[in-house]
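**Q** If you want the building blocks of each chain, they are given just below.
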Amino acid sequence: MEILSKYKEAFINESREIISNLNKTLLNLENDPSNLNLINETFRYLHNIKGMSATMGFEEITKISHELENIMDLARKGEKNLTSEIINILFKGVDWLEKLINGLEKNINIKEFNLSSLYEQINLVFSQPKESLKKESNHLDNFIIEPVKPSTLKIDIKILDDLVNLIGELVIAKNRLQEAILSLNDNVLSNLLYNVNKIISNLENTILKTRIVPIEYLFDRFPRMVRDLAKEQKKEINFIIQGKDIGLDRGILDELYEPLIHILRNAVYHGIETPEVRKEVGKDPQGKILLSAKKEENYVIIEVSDDGNGIDINKVKEIAIKKGLIKSNEIDLLTEERCFQLLTLPGFTTVTSVDKTSGRGVGLDVVKNKIESLNGSFKIESNFKKGSKFIIKVPLTLAIIQALIVDIYGETYALPFSIVKEVFSIKDTTNKVDFKGKSIPVINLKKILGIQNGSKSNMKEILIVDFKNQDVGIEISKIKSQHEIVVKPISKLLKPSNIFSGATILGNGEVVLILDINNIIMKEEEIGKQYR
Amino acid sequence: MYKIMIVDDSSFMRMMLKDILKNKYEIISEANNGEEAVEKYKTLKPDLVTIDMIMPNLNGIDAVKQIIKFDPKAKIIMVSAMGQELLVEEAIQSGAKAFIIKPFQPEKVLETVESVLKGK
Chain A
13 MEILSKYKEA
23 FINESREIIS
33 NLNKTLLNLE
43 NDPSNLNLIN
53 ETFRYLHNIK
63 GMSATMGFEE
73 ITKISHELEN
83 IMDLARKGEK
93 NLTSEIINIL
103 FKGVDWLEKL
113 INGLEKNINI
123 KEFNLSSLYE
133 QINLVFSQPK
143 ESLKKESNHL
153 DNFIIEPVKP
163 STLKIDIKIL
173 DDLVNLIGEL
183 VIAKNRLQEA
193 ILSLNDNVLS
203 NLLYNVNKII
213 SNLENTILKT
223 RIVPIEYLFD
233 RFPRMVRDLA
243 KEQKKEINFI
253 IQGKDIGLDR
263 GILDELYEPL
273 IHILRNAVYH
283 GIETPEVRKE
293 VGKDPQGKIL
303 LSAKKEENYV
313 IIEVSDDGNG
323 IDINKVKEIA
333 IKKGLIKSNE
343 IDLLTEERCF
353 QLLTLPGFTT
363 VTSVDKTSGR
373 GVGLDVVKNK
383 IESLNGSFKI
393 ESNFKKGSKF
403 IIKVPLTLAI
413 IQALIVDIYG
423 ETYALPFSIV
433 KEVFSIKDTT
443 NKVDFKGKSI
453 PVINLKKILG
463 IQNGSKSNMK
473 EILIVDFKNQ
483 DVGIEISKIK
493 SQHEIVVKPI
503 SKLLKPSNIF
513 SGATILGNGE
523 VVLILDINNI
533 IMKEEEIGKQ
543 YR
Chain B
7 MYKIMIVDDS
17 SFMRMMLKDI
27 LKNKYEIISE
37 ANNGEEAVEK
47 YKTLKPDLVT
57 IDMIMPNLNG
67 IDAVKQIIKF
77 DPKAKIIMVS
87 AMGQELLVEE
97 AIQSGAKAFI
107 IKPFQPEKVL
117 ETVESVLKGK
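Protein sequence lines correspond, in order, to chains A and B.
Residues are numbered in the working numbering as their position in the first sequence, beginning at 1, plus a constant of 12.
Residues are numbered in the working numbering as their position in the second sequence, beginning at 1, plus a constant of 6.
The hints are simulated quantities; they were obtained by calculation from the structure and are not laboratory data.
Some clues are possibly wrong.
Stated by the list, open to error - With beta-carbon atoms standing in for the labels, derived distance ranges:
{"no.": "1", "chain 1": "A", "residue 1": "G115", "chain 2": "B", "residue 2": "E91", "range": "31 to 41 Å"}
{"no.": "2", "chain 1": "B", "residue 1": "Q111", "chain 2": "A", "residue 2": "E308", "range": "50 to 60 Å"}
{"no.": "3", "chain 1": "B", "residue 1": "G89", "chain 2": "A", "residue 2": "D324", "range": "57 to 67 Å"}
{"no.": "4", "chain 1": "B", "residue 1": "Y8", "chain 2": "A", "residue 2": "N25", "range": "27 to 37 Å"}
{"no.": "5", "chain 1": "B", "residue 1": "G89", "chain 2": "A", "residue 2": "R233", "range": "32 to 42 Å"}
{"no.": "6", "chain 1": "B", "residue 1": "K28", "chain 2": "A", "residue 2": "N25", "range": "17 to 27 Å"}
{"no.": "7", "chain 1": "B", "residue 1": "L92", "chain 2": "A", "residue 2": "T95", "range": "22 to 32 Å"}
{"no.": "8", "chain 1": "B", "residue 1": "L92", "chain 2": "A", "residue 2": "S128", "range": "28 to 38 Å"}
{"no.": "9", "chain 1": "A", "residue 1": "N25", "chain 2": "B", "residue 2": "I74", "range": "33 to 43 Å"}
{"no.": "10", "chain 1": "A", "residue 1": "E270", "chain 2": "B", "residue 2": "I74", "range": "50 to 60 Å"}
By construction, the Cβ of each residue, glycine as well, lies at the ideal position given by its N, Cα and C atoms.
The following block holds chain A by itself, in its conformation from the complex:
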């Protein structure tokens, strides 16, 4: 049994990789159907799946991959041109392979799948007459395939997390050692310590880098989706990806998948017009969606822009007023940027009919929340009739953040620097302050953190943070310092309270909890209600 499952797991993993490659080569073939390198590569992938599944005795997978391989064989020999119908059938076949492989993992009985229509379509390909009988050359010539990927190693993400934790421990141990050595006033020891320090800090940087993977892994999941959606909507879309090689923390990468799906779907459904409409308004019948990534200091900026219909700002205002999200006398005070932010309020949607995929509960508010939970920001720009741009900004890594170390009634906490907009001092504890001519609520953390007495001080400081596009004040006693911290996960015992996002260890060895400000504000029901 154990041996069987070991093979099965290896089979599933490798097959998934191959399927992702197949989707890539098929998409490329769609644009360049006679590219022999692509044809050979596709052939080879199908051939591999066939061999593997035959070894495992997975007959249905073997059969489908064999049939698809045969199609590619005809294409390779020049006996069949890869028309868009044939490529569609290949896509469909690959989808079935994926379904069957997913089914294997969940032990779903293959008999539950009805594959007859796929086989019918495949048979059609073979029943059509041979198109051309091109060169009868030695078909070994066709095997030259361009070089692929440099060698990489797969590592369980848990091992990387452990490494990050261990290096944190090492830094603490080193700090203790450092204190002991410095108290001895010994030059030789101090010099040795200096070297160790340097190596440890290099080691720390290197280990944190292992969590960074190219954004390609995320972006490569979308071309297929955009293609399918466009076909379904009868739209012509040129989907362009830029900045694939930009690196991003693995954890963040996974979290961005859903928000991007949502934004891209919106772009296909509501952004890009049908070819007829585009022609009428003098645009290229083929719409353009650009997905790009670029690095800016410690952040990665991901943009989705389209040359579609754009967002009608007047309609946005109208709906916001109708839904009571904003008062009609306030609306003219809003800048254009603020207006588009209205779209990210819960319950806002400009599309009245709910179509198959967009809509239904998942709105831009969810996108914004998700990105903010990653310490990032989300912005919308749009030109009515010309197109829209959705801009996501996220930190390179969640493992190291810029943090404010603060004192709250004598206890030390950390919070992400990125969320703080402004800081100012006040004299007395209060629940409201004036900020930029507006009265905003202030949260006192004493109760939430369960601080019983705590030290008293005359001066307080108010941190202004952004919560769902509104300013909220957080009262603290004082700011102690600002620096980079390594975020460590905290035990599940502390998790249910949801007010801490992690912990860190300061240079002096002190363990400090990191406040999850978004959740804290959400917990403050009073304020929560006010901003719903």
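Could you slot chain B onto chain A? The hints should help.
**A** Only chain B this time, still in chain A's reference frame:
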């Protein structure tokens, strides 16, 4: 113990083959394309190599040709799928000693490897 190198672009297939062979032979190396196979052969000089027919960066047959050019006595077994008879023939002409067919039948594989190793 005889030293064997396994060449296949599918790690799953390599694992399968390795599990069949590892009790009787020492698997000294693996390669996932033809180019790597040729390079590794030159430095490691295994007693026997299994080579998959269809691979990126130099296919199986060209790998056989290059290895034979370097070591005319190299013992190479081709790994192929059904329906590749023509290619197998070409590989044998290029210097491969035998072939095994996917999906693997462990007894057949062991039998073939043994007979190639003995056929000095």
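**Q** Hint by hint, say whether it matches the structure.
**A** Hint check:
1. A:G115 / B:E91: 31 to 41 Å: Between G115 of chain A and E91 of chain B, where Cβ atoms are some 33 Å apart, the hint holds.
2. B:Q111 / A:E308: 50 to 60 Å: holds (58 Å)
3. B:G89 / A:D324: 57 to 67 Å: holds (59 Å)
4. B:Y8 / A:N25: 27 to 37 Å: At roughly 30 Å between Cβ atoms, N25 of chain A and Y8 of chain B fall inside 27 to 37 Å, so the hint holds.
5. B:G89 / A:R233: 32 to 42 Å: Holds, since G89 of chain B and R233 of chain A (Cβ atoms, about 33 Å apart) stay within the stated range.
6. B:K28 / A:N25: 17 to 27 Å: Holds - the Cβ-Cβ distance for K28 of chain B and N25 of chain A, about 21 Å, lies within 17 to 27 Å.
7. B:L92 / A:T95: 22 to 32 Å: holds (28 Å)
8. B:L92 / A:S128: 28 to 38 Å: Holds, since L92 of chain B and S128 of chain A (Cβ atoms, about 33 Å apart) stay within the stated range.
9. A:N25 / B:I74: 33 to 43 Å: Since N25 of chain A and I74 of chain B have Cβ atoms about 34 Å apart, the given range 33 to 43 Å holds.
10. A:E270 / B:I74: 50 to 60 Å: Holds: the Cβ-Cβ distance is about 54 Å, inside 50 to 60 Å.
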